[in-house]
Each structure stands twice: as structure tokens, then as C-alpha cells.
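Enquirer: Kindly produce the complete structure, drawing on both the sequences and the hints.
Respectively, the protein sequence lines represent chains A and B. Quick note: the first sequence uses the working numbering, first residue 7, plus one each step. Quick note: the second sequence uses the working numbering, first residue 7, plus one each step.
Keep in mind that the hints were calculated from the coordinates and are not lab data. A couple of the hints might just be wrong.
[To be verified] From the structure, some residues in chain B lie toward chain A, with a derived Cβ separation under 10 Å:
(1) 139
(2) 143
(3) 172
(4) 183
(5) 185
[As the list claims (entries may be wrong)] No more than 25 Å apart at the CA atoms, straight line, and that leaves these computed lysine-lysine pairs for DSS-like:
(6) B:137 / B:75
(7) A:168 / A:137
(8) A:168 / A:75
(9) A:245 / A:75
(10) B:245 / A:155
(11) B:168 / A:155
(12) A:245 / B:168
(13) B:155 / B:49
(14) B:17 / B:168
(15) A:168 / A:245
(16) A:49 / A:17
(17) A:137 / B:137
(18) B:208 / B:20
(19) B:137 / A:168
(20) A:137 / B:168
(21) A:168 / B:208
For glycine and all other residues, C-beta sits at the position ideal for the given N, C-alpha and C.
There are 2 protein chains.
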Amino acid sequence: MAAASGMEWLKSVKGVILDMCGVLYDSGEGGGQAIPGSIEAVKRLMDSGLTVRFCTNETQSTREQFVQKLRVMGFDISVSHVFSPAPALVRILRERRLRPHLLVHDGLMAEFEGVDTSSPNCVVIGDAAEKFSYQNLNEAFRVLIGQEKPLLFSLGRGRYYKETDGLKLDVGVFMTALEYAGDVQAEVVGKPAADFFGTVLKDMSLQPHEVVMIGDDLVNDVGGAQSCGMKGIQVRTGKYRPSDEQHASVRADAYMDDLAAAAHAILTSSPTTER
Amino acid sequence: MAAASGMEWLKSVKGVILDMCGVLYDSGEGGGQAIPGSIEAVKRLMDSGLTVRFCTNETQSTREQFVQKLRVMGFDISVSHVFSPAPALVRILRERRLRPHLLVHDGLMAEFEGVDTSSPNCVVIGDAAEKFSYQNLNEAFRVLIGQEKPLLFSLGRGRYYKETDGLKLDVGVFMTALEYAGDVQAEVVGKPAADFFGTVLKDMSLQPHEVVMIGDDLVNDVGGAQSCGMKGIQVRTGKYRPSDEQHASVRADAYMDDLAAAAHAILTSSPTTER
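Expert: This is how it looks when you write it as C-alpha cells:
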């Protein structure tokens, strides 16, 4: 199939970065469920000769546990191809010799093994979900305000995500809350930070214009990738809402019904792949 | 005593608006405790012939219960002289025929008696304290995002307040969180909203330049009053922090050690009062 009018850029795609939650699967009770057609779509993309990486702001479990959950759903994914914020943050903490107060999900704690958390001099928040209690937020705030120069790291800046039982507030909401309380601007590790996408591109050995990001989050996936020079496709699954297509500042290079449709469009356009 | 250099404005003061928490008392277990000298200072101001009103963003109890708590501490205050956000908001809800989803402290619920909360079409948040759980925030968010045009009311926009056991996050923090989550700008009822100060000034029958606001919150008390043309004194009690005196955008007309010192300065300068 030839690329549709205005979609000629699909022909130069050599690599694909896939968001996970809302693109591959919907999260929820029992770990969630695969979005129809996505398991096969991932397989087709990986078999095609394209360079495929996975990029998630998931911070409710370690990367290993997270990939294991996707394997159980039927996805054949290697841990080394998955990029998530916690390992990137641990590198930063070590480099800058920082001692974090951690407000993160219990499932993520193992990523911080060996990190000194005594007498904390910065605050780290992830998608802590139920742990975002008034008491825990007060505690994080007191660490912040007790510093001469408060330092707040946020594992992503998402507004909300979709679980099988409804929309849930994401880490960016509590980042914004603590920013306001502590009069501080958070350093974001994860999408849409350019540094984070840069690490993935480096691992792919590709130039930004050769890569397309596929996500359900218009601002963090599509907008973040576009800011780095990549193309961005928004899929109409996960947290997608029709109003996204009239967003004031971010316009996707394409909107597709789901990952299966996006993979089909890429694979039938790119000269390096199946036709 | 003559007014100090640069403080000649004290001579034209005919009315005083007092913030309550952090100026009259420190809140905390058992209702809190009076700040030394403040009971006598309130009495002196009221006996002097100045018009005195109280203006609080307190939303953990009804106005009646709140005044009763202060009476137990030793303050002689009339309910009709106390202005708080909830009654002002109830008027707005009635005028605009809105049905709120309430995320407020249990102690405040009685203020909303008779207000229709079925099929909510807006969200109201107050200082809900422990009720700011992840689950309750998700619920408020879902009401917001379910509206074609989300509408969020916040009873104040304070960052934090001081209780006897430490600093606590105030409603403004959760307002900011829901603003970000729902991509909406809250309508603030209470300090520092000009409408709210305007209601108090009208009740005092005074012009703004004749009135001084005394508070521990530089931005919401002092800055808010100054925006309305009043003078503003910050007291070094409650949530005051030394860095407030180097704030980037708000500069108080005077900084005083406590309410007793502020009352003394006003009463020894104003020609209409005791010397």
C-alpha cells in the first residue's frame, strides 16, 4: 500500500519507539489486558527489520517485573529493549551524590536498592498511587521545604492514565502539587524529557528523523518525541480522547485507531520492511 | 509614639482586617492555642474605635464552630464579624444553579446543608486534610473530566499552614493538582480573591486605603489586600518564614513580630484611637 497523501514520511521510518500502557495493554486489576491486535503488531514490527524499542513512564514495578507481566499477557519483549525512568534516575542520584526521600510505589523500591536514603536532601516521586496520601505528601513536602534549595525529581509528568476500572491520576498531578507547595520546579526523568528520549535514540543508533514514537498520550509521547525531531503517532486507545485531535499546541503526525493499524501503515510504507 | 519613618500611612488607618490562624492562634491538636499577647491585642483594637473584621480561609469547620473554638481560647469575637469562604461559595452555587461534588472537611459539610449535590456538574474543594486521599482525588478528577466544560471551585489557594506538630499542605496544593489533571483553572473563593476582600470592605463601610490587613501569609493576606488597595502587615508568627522578607514579588508595608506589636504600632499612630 502506498503511503496516504501527507504521509510520505512513513517511507523513511527505520525505527519505532512504542509506549506501553494504553498502546500494548490497558492496566488494571490483575495486571491488565492486552489491547486486541497489539501482540501480533509488536511481533510484526520486530520481525520486519525495523529497530524497535519500548519506552514507558511505568513506575509501579521494577523493569524486570514489568516485562514479566507483559510476557504473561503474550508479548515477547526483552528487558534490555525497555526504557523506564527509575534506572535513569538512579544514575543521576549516584552522579550527583544525592540522598532521596522516596515517595514511590512499593513495587518500585527494589530499583533503589543500595541508594543512600539517610538524611534525605531531595525528594523523588513516582506513580505511587494509593501511597499518595495526605500524610505521605506532607512528609515529602517537609523534606522539600527543609532544604535551602529544594530539589524535586519526578518520574514522568503524566496527568492521568486509564485502568480497566477508570481514569487514575498520574505522577504529574502530584509533581505539580509539590511544585506549588514547595515553590520549586521539578526535574522530570522519563517522557517527555529530551534526555530520556536521547538515551533511547542512542541505543537505537538512529537519527531522530528516522524514528516514530507511537503513544496514547498526546503531550508526553507524541509532543515529547516531536520536540526531539521524531515523528509521533497517537493511537485511539488507552487514555486517548477525541478532543486530543483538536489540542491547542500538539498535533500528531498521524492518528491511528490502534497499534495494529499503526504497524500496518508503517510496514506497508517503509521500503526496508515487508510489503 | 510617632509612626516610624516610612510608616506615616499608619495614621490614616480606620479599619483592621485580621487573619486568624497563625495570627490569633496556632492550630493543632485540641483546636490549637492562642499566640501570646494576641487575645489582649484583639481586645485593644476593638475597644479603640477602629472597625475590626476577621477574614479567614479556614474551611475545616462551620463559621459558628470556628468562632466557638476561638471563644474557648479566650477571644471575644462575634460570628457576624468573621468572613470565611464557604458561605460566600454557597451564595455563588445558588446564584449559578450549580450542583457541587464536595471534597471538603467533614466539619464543613453543615455549611452546604440544602445544596443539591445530585448529578454534580462542578467540583468544590476546601482544606479537606486527611480526606485528600488518592481515591477521593481520583473521584473529584473524574467528575471534572466528565464535564464538557470542567468547573472547579477552591476555598482559598494557600500553600501550607502551621499546626502545632508541623507544616501541613493547604487546599491550594490540591487545587493546583486538580487544575493540572483536568486542564482547568479554578475559581478561588476566599483570600486572595478581590471579590472576597470587597465583601469585607463593604461591610466595614471603609475605603481600601483606610484599611490594613494583618496576616502571616505574605501572598494571600498581604499581597491579596495590597492588590485591593489596602495596606498589608506581615506578622512573624504562624507560617512566617524569614525568606518571606526577600520575596520576589510581594513586599509587606511592614513586618512586625506579632499581632501585639502590630496592634501597638497602629494604636499609637492612628489619630482616632488611644495613644
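Enquirer: Work down the list of hints and note, for each, if the structure agrees.
Expert: Going down the list of hints, with the structure as the test:
Residue-level restraint check for residue 139 of chain B holds (minimum Cβ-Cβ distance to chain A is 6 Å; threshold 10 Å). The beta carbon of residue 143 of chain B comes within 6 Å of a beta carbon in chain A, closer than 10 Å, and the hint placing it at the interface holds. Because the beta carbon of residue 172 of chain B sits about 6 Å from the nearest beta carbon in chain A, less than 10 Å, this interface hint is met. Against a cut-off of 10 Å between C-beta atoms, the interface hint on residue 183 of chain B holds, since the closest Cβ of chain A lies about 4 Å away.
For residue 185 of chain B, the shortest C-beta to C-beta distance to chain A is roughly 8 Å, which falls under 10 Å, so the interface hint holds. As the CA atoms of residue 137 of chain B and residue 75 of chain B are separated by approximately 22 Å, the hinted pair is consistent with the 25 Å bound. Our distance criterion of 25 Å between C-alpha atoms is met by residue 168 of chain A and residue 137 of chain A, whose separation comes to about 18 Å. The straight-line distance between the Cα atoms of residue 168 of chain A and residue 75 of chain A is roughly 17 Å, inside the 25 Å bound, and the hint therefore holds.
Distance restraint check for residue 245 of chain A and residue 75 of chain A: the Cα-Cα separation of roughly 20 Å lies within the 25 Å cut-off, and the hinted pair is therefore satisfied. Distance restraint check for residue 245 of chain B and residue 155 of chain A: the Cα-Cα separation of roughly 18 Å lies within the 25 Å cut-off, and the hinted pair is therefore satisfied. For the given pair, residue 168 of chain B sits about 21 Å from residue 155 of chain A by alpha-carbon distance, which is consistent with the 25 Å threshold. For the hint pairing residue 245 of chain A with residue 168 of chain B, the CA-to-CA distance comes to about 38 Å; that exceeds 25 Å, so the pair is violated.
A C-alpha spacing of about 48 Å is found between residue 155 of chain B and residue 49 of chain B, which places the hinted pair above 25 Å, so the restraint is violated. Restraint check for residue 17 of chain B and residue 168 of chain B: not satisfied, since their Cα atoms lie roughly 32 Å apart, outside the 25 Å limit. With a CA separation close to 5 Å, the supplied pair residue 168 of chain A and residue 245 of chain A stays within the 25 Å bound. Of the supplied pair hints, the one linking residue 49 of chain A and residue 17 of chain A holds, its CA atoms being roughly 20 Å apart against a limit of 25 Å.
A C-alpha spacing of about 14 Å is found between residue 137 of chain A and residue 137 of chain B, which places the hinted pair at or below 25 Å, so the restraint holds. Of the pairs offered as hints, the one joining residue 208 of chain B and residue 20 of chain B holds, with about 14 Å between alpha carbons and a cut-off of 25 Å not exceeded. Taking the CA atoms of residue 137 of chain B and residue 168 of chain A, the gap is about 23 Å. The hint holds against a cut of 25 Å. Between the alpha carbons of residue 137 of chain A and residue 168 of chain B the distance comes to roughly 23 Å, so the proposed pair stays at or under 25 Å and holds.
Under the criterion of a C-alpha separation no larger than 25 Å, the hint pairing residue 168 of chain A with residue 208 of chain B is inconsistent with the structure, at around 48 Å.
Hints 12, 13, 14, 21 from the earlier list are contradicted by this structure; the remaining hints agree with it.
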